[in-house]
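Residue numbers (the working numbering), protein chains in the order written: chain A, 1 to 230; chain B, 231 to 940.
Read the hints as simulated data drawn from the structure, not as lab findings.
Cβ coordinates follow ideal geometry from the N, Cα and C atoms, glycine included.
Hints should not be assumed to be uniformly reliable.
[To be verified] Simulated restraints, written as ranges between beta carbons of each label pair:
no., chain 1, residue 1, chain 2, residue 2, range
1, A, T104, B, E660, 19 to 29 Å
2, B, V308, A, G216, 22 to 32 Å
3, B, R554, A, D214, 48 to 58 Å
4, B, D782, A, L212, 51 to 61 Å
5, B, D844, A, Q227, 38 to 48 Å
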Amino acid sequence: MAHRWGMAVDLDKCTGCGACVTACHAENNIPIVGPAEAARGRAMHWLRVERYFEGEFPDVRVKFRPVMCQHCDAAPCEPVCPTYASHHTDEGLNAQVYNRCIGTRYCANACPYNVRFFDFFNPQWPKPLHLQLNPDVSVREVGVMEKCTFCVQRINAAEIAAKAEKRELKDGDVQTACAQACAARAIVFGDLNDPESEVARLSRSPRAGHLLEDLGTLPKVAYLERQTQV
Amino acid sequence: MERRDFIKLTAISSASATLASCGNPEHQLIRFVPDEDLAPGIAEFKPSVCPACAAGCAVNVRVMQADVDTVRNGQSGVVTMSVAKKLEGQPKDPISQGGLCARGQASIQITYHPDRVTQPLKRKGNRGSGDFTPVSWDEAIGELVGKLDTIAAAGDQKSIAFVTRPRRSRRAALIAEFASKLGAPAPIVFDPMGDEVVRRANAISFGHEQLATIDLARSRFVISFGADLLGTWNSPVAQSAGYGAMRQGHPQQRGKLAVVESRMSITGANADEWVPVKPGTEGVLALGLAHVIVANKLRPSSSGRAAAAIEGWSGGLADYAPARVEQITGVAAKRIERLARELVDFRPAVAVAGGPAVAHSNGLFHALAVNALNDLLGAVEQPGGVFFTPGGQSPVANAQSLQSLSAAKLVVIDEANPVYGAPVALKVRETFEKAPFIVSFGSFVDDTSAYADLILPDHTFLESWVDTTPESGSIETVTTVAGPVMKPLHQTRATADVLIEVAGRLKSPIALPWKTAEELAKSPAPGPQPPQAARPPEGTAGRYSEPQFAGDAAQFPFHFLPFKTPQFGDGSTAHLPWLQEMPDPLTSAMWSSWVEINPATAERLQIAQGDLVDITSPHGTLRAPAMIFPAIAPDVIAMPVGQGHVTFTQYASGRGVNPMAILAPATEAATGALAWAATRVKIARAAAADRSLIMFAGEMREHPHEGEIR
């Protein structure tokens with residue numbers, strides 16, 4: 001059976017620390033844009049931790065929510081792309097083909113989650129920072145749109161390794177960089193088509209819901225709501 | 231023909247072909263013969279130890295082949311070698327348990343930083359100018375040996391000062407041994423926001439002068455008095471792992487978290503119950519909880535050392551009845567009653583003290599009070615409570631001993647940055663301007679090494695032998711030792727090797743027990759210490775005394791609270807570009823300093839988000855943009871530590887302001903530790919918002935500054 005990759009984020013475990021944000025930069029060759037461009041709203045974080053304050057002092061509560069591409073099954077970014085750069089793979093990933101992208105940015109306009117980022121410039125890594133670049137991930141040039149890939153390079157590597165060893169992928173073989181870095185184990189990645197996988201189990205939790213699910217985008221990232229105990 | 235010989239041959243022939251084809255030497259590409267066997271495109275994993283803080287997380291380093299610009303025998307060229315690509319938590323490590331925080335993830339950029347010190351440097355310009363000239367290793371080591379010999383000849387060894395940062399590794403032992411054999415005073419461990427007050431309290435209450443490991447995973451109720459468990463305090467990765475398990479690791483049982491503080495930390499943001507208190511009264515609340523438990527006989531009253539350290543314990547803590555505690559702390563008496571009952575009902579429960587709670591003039595009292603509460607709750611060395619890791623190494627820091635530097639003839643700096651971290655009132659900068667000779671092992675020209683006469687750059691952690699025996703984070707003792715992950719990129723040398731060489735080249739050589747950095751890292755750490763005998767609390771630490779604040783309350787109406795952030799910690803990772811551009815978890819600020827102000831206070835003072843405000847303490851004024859922050863008490867002003875470096879690479883130099891600068895040199899009364907939460911300030915709107923406050927949230931518009939002229 002084909003895989004259907006998905007993610008579950010337990011907001012009751014997430015501390016908002018931001019380890020996932022940096023891990024994502026390290027894994028996916030995401031450039032920094034510098035203070036001037038960041039002030040213009042051009043900072044690139046495929047994964048961000050949203051935080052919401054509720055109430056007024058002294059009764060203040062905070063909710064954190066890591067938000068990355070939700071890899072929607074009915075993705076609004078896909079039908080608007082004139083070049084099929086944004087498309088759906090057999091395994092349910094919402095993929096971006098950088099070489100097809102002509103930078104119309106229609107997809108970013110259509111995305112309700114604000115998770116697509118445009119390369120306004122060619123990225124720069126003053127030497128020898130370039131030695132850190134991950135050879136498994138293409139570096140994006142000016143004029144293309146980029147976003148969370150669910151660490152597709154790690155999925156591919158695990159699938160190739162399993163094929164070479166003539167075995168099936170098992171739960172836990174693929175870990176995205178964010179899930180791996182998370183100390184509290186709030187982020188879990190895996191195959192939603194495997195009912196025994198941890199991600200499938202968590203996605204069935206009564207606490208699980210999806211971000212802006214009433215838009216009908218059918219996201220594949222489940223958020224397990226934070227519990228309250230006062 | 232061997233594979234290696236074949237490669238050599240082809241390398242030589244291609245190099246000569248390149249030489250022949252290019253007339254212009256700048257266009258020559260010299261490709262050196264790789265001296266390791268590599269498989270292109272195949273990743274290997276090698277162990278190492280994260281250098282970002284003292285927690286000592288073991289990491290797995292992903293290593294792959296790359297072409298590296300290098301210099302060999304004075305000839306620049308390219309060599310193919312294996313280089314680190316990514317750091318990941320080591321799943322078998324009881325500390326990191328496979329996770330790694332943002333600072334740890336970004337540590338790889340230390341090795342690849344474009345502004346690293348690539349070879350030994352000697353000062354050319356004025357102190358602090360950052361104007362250096364390269365010298366050879368032989369000359370540099372010769373100069374240091376000469377200085378040491380001159381001082382030894384004059385019998386002036388006491389005037390040699392070593393300044394280090396807290397670490398739990400064998401390197402600390404080497405520097406201590408080197409200093410002692412030389413006849414120099416023990417190294418000064420510089421850690422201005424360190425935990426010596428908590429360590430002292432643990433020595434008094436439990437006989438262990440070290441930070442405790444908190445068994446969060448098995449606890450059902452955790453109450454933190456100021457300790458930012460999940461963000462910046464002690465061992466955040468281990469504690470976050472425990473937190474995840476506490477919340478959702480047990481079916482049908484979710485642990486509860488309460489946090490007592492006056493400005494919301496990351497830990498406070500995750501609390502079920504956030505309990506703001508008046509600064510400097512945290513321990514009173516802890517004893518208020520103990521009073522309710524004892525008075526209602528909810529638990530058998532304890533009579534151990536921890537209880538004996540508190541005045542009035544045997545009399546049932548009569549001074550800490552809820553009504554009185556409400557007056558002092560501002561926490562409602564009813565809430566104290568309820569929290570106390572919950573602590574008993576939800577056992578195993580545990581209390582933790584740290585951070586601003588113990589950074590007051592009466593800090594030791596708060597830590598002792600929390601220890602006594604733990605004892606009462608039965609949380610000491612019990613599942614779900616606090617444990618003392620056997621053999622955990624705890625350095626003892628003392629910012630005040632920096633003053634002994636003014637008499638030093640030779641100052642040796644190992645990774646400490648006191649010019650940045652010490653309050654301006656301690657005049658560390660002036661001391662360094664006048665010091666006869668300063669040597670630094672720094673990898674960067676930072677605020678302090680800019681004053682050095684000689685920089686002997688160390689390898690980074692990925693290029694050298696590393697080891698750690700963390701103070702806490704795991705109930706069992708953990709020691710991690712790892713070899714170099716990759717060859718050095720630059721003409722640097724392991725500081726351990728440099729010190730060993732210096733020791734041997736002195737006129738009267740020092741015999742060190744280690745011959746190489748490798749031998750040092752592999753040498754066993756000192757074993758577990760038996761618990762010390764009970765130590766009586768010094769002075770009146772067992773009784774609540776009103777906290778003393780620097781600055782008159784009428785003139786300086788606000789408490790000033792510097793705080794560490796998960797991206798910069800004490801400021802030592804501000805030079806890493808990923809961390810500069812990482813949105814701050816609670817404010818989403820990037821590349822900025824900011825001043826957190828309660829919305830009601832800001833409205834009263836007519837300060838809007840981003841407006842520039844002047845923060846004035848009795849010791850100076852800072853100007854930074856305002857951040858209207860809902861989770862801070864109206865009489866508290868908070869600022870993140872980390873920015874405001876004068877000199878610290880292209881990414882951090884001259885960026886933002888440093889709140890440590892305007893702190894009063896106030897100390898905790900019993901320990902002499904810097905009381906960094908004991909300064910008062912006034913604030914005033916200085917100018918309209920400029921663009922120095924950069925935020926990720928709310929800035930994701932297509933044309934955020936349309937119409938503005940850039």
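Hints not upheld, ascending by number = Violated hints: 1, 2; rest satisfied.
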